[in-house]
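J.: Take a look at the letters that make up each chain.
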Amino acid sequence: MNNRRPLLGLLKYAFYSARGDLAFALLFGLAVGILSLIADNYLISQTLFPLLISGGPAYVVIMKSEGTPLWDQFQVAMPIKRKEVATAPYLGVLLASLLGIPIFVVISGIRFILHEGSIGSMLSTGISYHATVLGTILIMSALLYPLAYTKLGQRSLQGLFVMCTCVAAAINSAILIGGNNLGLPEMVITSLNITISGIAFFVSLFIARQIYAKIDF
Amino acid sequence: MGNILEVQGLSKQYKNSDFRLDDISFSIPSGSIMGFVGENGAGKSTTIGCILNTLIKDSGTVKIFGRDMTDSSTDIRDDIGVVYDSNVFPAHLTPTKISAAMRHIFSKWDNALFKEYLKKFKLPEKKKIKEFSRGMAMKLGVAVALSHRPKLLILDEATSGLDPIVRDDILDVFLDFVQDENNSILLSSHITSDLEKVADYITFIHDGSIIFSEAKDSLLYNYGVMRCKAVQFEQIDKEDMLAYRKYDYQIDVLISDKQTAAKKYLDIVIDNITIEEIMLMLVKGEK
Numbered sequence: 502m503n504n505r506r507p508l509l510g511l512l513k514y515a516f517y518s519a520r521g522d523l524a525f526a527l528l529f530g531l532a533v534g535i536l537s538l539i540a541d542n543y544l545i546s547q548t549l550f551p552l553l554i555s556g557g558p559a560y561v562v563i564m565k566s567e568g569t570p571l572w573d574q575f576q577v578a579m580p581i582k583r584k585e586v587a588t589a590p591y592l593g594v595l596l597a598s599l600l601g602i603p604i605f606v607v608i609s610g611i612r613f614i615l616h617e618g619s620i621g622s623m624l625s626t627g628i629s630y631h632a633t634v635l636g637t638i639l640i641m642s643a644l645l646y647p648l649a650y651t652k653l654g655q656r657s658l659q660g661l662f663v664m665c666t667c668v669a670a671a672i673n674s675a676i677l678i679g680g681n682n683l684g685l686p687e688m689v690i691t692s693l694n695i696t697i698s699g700i701a702f703f704v705s706l707f708i709a710r711q712i713y714a715k716i717d718f
Numbered sequence: 004m005g006n007i008l009e010v011q012g013l014s015k016q017y018k019n020s021d022f023r024l025d026d027i028s029f030s031i032p033s034g035s036i037m038g039f040v041g042e043n044g045a046g047k048s049t050t051i052g053c054i055l056n057t058l059i060k061d062s063g064t065v066k067i068f069g070r071d072m073t074d075s076s077t078d079i080r081d082d083i084g085v086v087y088d089s090n091v092f093p094a095h096l097t098p099t100k101i102s103a104a105m106r107h108i109f110s111k112w113d114n115a116l117f118k119e120y121l122k123k124f125k126l127p128e129k130k131k132i133k134e135f136s137r138g139m140a141m142k143l144g145v146a147v148a149l150s151h152r153p154k155l156l157i158l159d160e161a162t163s164g165l166d167p168i169v170r171d172d173i174l175d176v177f178l179d180f181v182q183d184e185n186n187s188i189l190l191s192s193h194i195t196s197d198l199e200k201v202a203d204y205i206t207f208i209h210d211g212s213i214i215f216s217e218a219k220d221s222l223l224y225n226y227g228v229m230r231c232k233a234v235q236f237e238q239i240d241k242e243d244m245l246a247y248r249k250y251d252y253q254i255d256v257l258i259s260d261k262q263t264a265a266k267k268y269l270d271i272v273i274d275n276i277t278i279e280e281i282m283l284m285l286v287k288g289e290k
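These protein sequence lines map, in sequence, to chains A and B.
If you want this note's numbering, it's the position in the first sequence, counting the first as 1, plus 501.
If you want this note's numbering, it's the position in the second sequence, counting the first as 1, plus 3.
These are computed hints drawn from the structure, not numbers from a lab.
These numbers were taken from a predicted model, which means no experiment stands behind them.
The reader is advised that the hints may include incorrect statements.
Said to hold, decoys possible - Derived SDA-like pairs: lysine to any residue, alpha-carbon spacing no greater than 25 Å straight-line:
no., chain 1, residue 1, chain 2, residue 2
1, B, 129, B, 113
2, A, 513, B, 126
3, B, 232, B, 265
4, A, 582, B, 154
Claimed, not checked - Derived CB-CB ranges, DEER-like:
no., chain 1, residue 1, chain 2, residue 2, range
5, A, 535, B, 171, 54 to 60 Å
6, B, 5, A, 660, 16 to 22 Å
7, B, 20, A, 668, 29 to 35 Å
Idealized CB from N, CA, C, for every residue including glycine.
Let the hints inform the model, and build the full structure from the sequences given.
T.: Here it is, written out as structure tokens:
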């Protein structure tokens, strides 16, 4: 029994299922990053690139996790506790959203070398924006999964995903704008954003685990 | 010979539905195949869901290997193989990738055995499941269910919709599986010919209740159908009849003790009966 690691097994399912699209999302994000270096375009490097490199893989893993209609039922029939089944998609989306960070760091590093004079503030803005994207993903997951486990979700994530992403983006933008209006330093706003998003994520995970323990599959 | 599975007083009512699983009780002895038969919507899948804890039961007990089955009983489910009536695996996976994930989920996952089953069923290791036919996907489900060396196989309509050749292949594997007297199978199906071929016991569920749960041989030996004319039908004691069906020129009467009936009703023809006929008489016949 000791060699069983069911969460790892479920994560493998999620990532194997999404593998081709995941690679495409990362390569596309990398291409946009390289484009931003060549074009030296502020908008691409500070907004579009972080969005694609973090949001793309997360989107792919969420959408590919729908599986077959019987997959949820089959997971619970295997030697996996319901709470572990509930936790797996949260971990999956978190890991997927972090996959692009090495690419982000490398592209940002090259940018620093190429444009040393002005890169300080640009890098700071980039990190801040990247954190906002991560925050949006965390809040989106926080909203998405408990809904997906109820009848409202009907086990279909497509519609819920769009709705939850819009709400999460609005919440994160509100934190960003609110922080700026209060004159808070960018680092504080970024930390606040990630903290609030992280708390929402873990509260949601707790709720989802409670829901999952009581529902019929 | 102990029981590998014991279901006692199991009940389940769905919200917003009139269907109710009512006081279900049956057991499966070690080394045997239990055929679980009933029409669509009779409650077979609900019973299996409650056994596996994918559905939360309202009352009753489910004991597997002598222990209560709960969500935390992962060690019990580690010894159970489950096959549903259609493919359960994400379409983009290959059998190789399924094995790579399963080895973390089942403590006794045996990749070499899995490859043996793939070879036996002529399934490609590196082809995506979305390219599999239904028969191939079901064989893959059986291969996965057997490759962690379970002691109990639970099959929910796993052979329905398959051609006779594939069904025969799979049934042969099940018969091999119960050669080990520590293993048992719960085989839910409405293909009664499959059950007549492999089952040792038959449990018949209708409208959420168990009608009977008996050894197949005893069922086929004792149950019979009396072919009567209207006058003969009037002579039969009501307590001897389980059900009857009226046709234009004949009335068929289902009885549970054809030896006694043969002595009691000398002028009435009594035929042997198949499980399908028993099921039809009990479901569609009058009482």
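J.: Now tell me if each hint is right for this structure.
T.: Each hint, compared with the structure:
At most 25 Å may separate the alpha-carbon atoms for a hinted pair to count; residue 129 (chain B) and residue 113 (chain B) meet this at roughly 18 Å. Taken as a hint, the residue 513 (chain A) and residue 126 (chain B) pair is honoured in the structure, with Cα atoms around 22 Å apart against an allowance of 25 Å. Of the supplied pair hints, the one linking residue 232 (chain B) and residue 265 (chain B) holds, its CA atoms being roughly 16 Å apart against a limit of 25 Å. Straight-line distance between C-alpha atoms of residue 582 (chain A) and residue 154 (chain B) comes to about 20 Å, which keeps the hinted pair within the 25 Å bound.
About 58 Å separates the C-beta atoms of residue 535 (chain A) and residue 171 (chain B), a value consistent with the hinted range of 54 to 60 Å. For the pair residue 5 (chain B) and residue 660 (chain A), the beta carbons lie near 50 Å from each other, so the given range of 16 to 22 Å is not met. Taking the beta carbon of each, residue 20 (chain B) and residue 668 (chain A) are about 33 Å apart, inside 29 to 35 Å as hinted.
Hint violations for this structure: number 6 only, all remaining hints satisfied.
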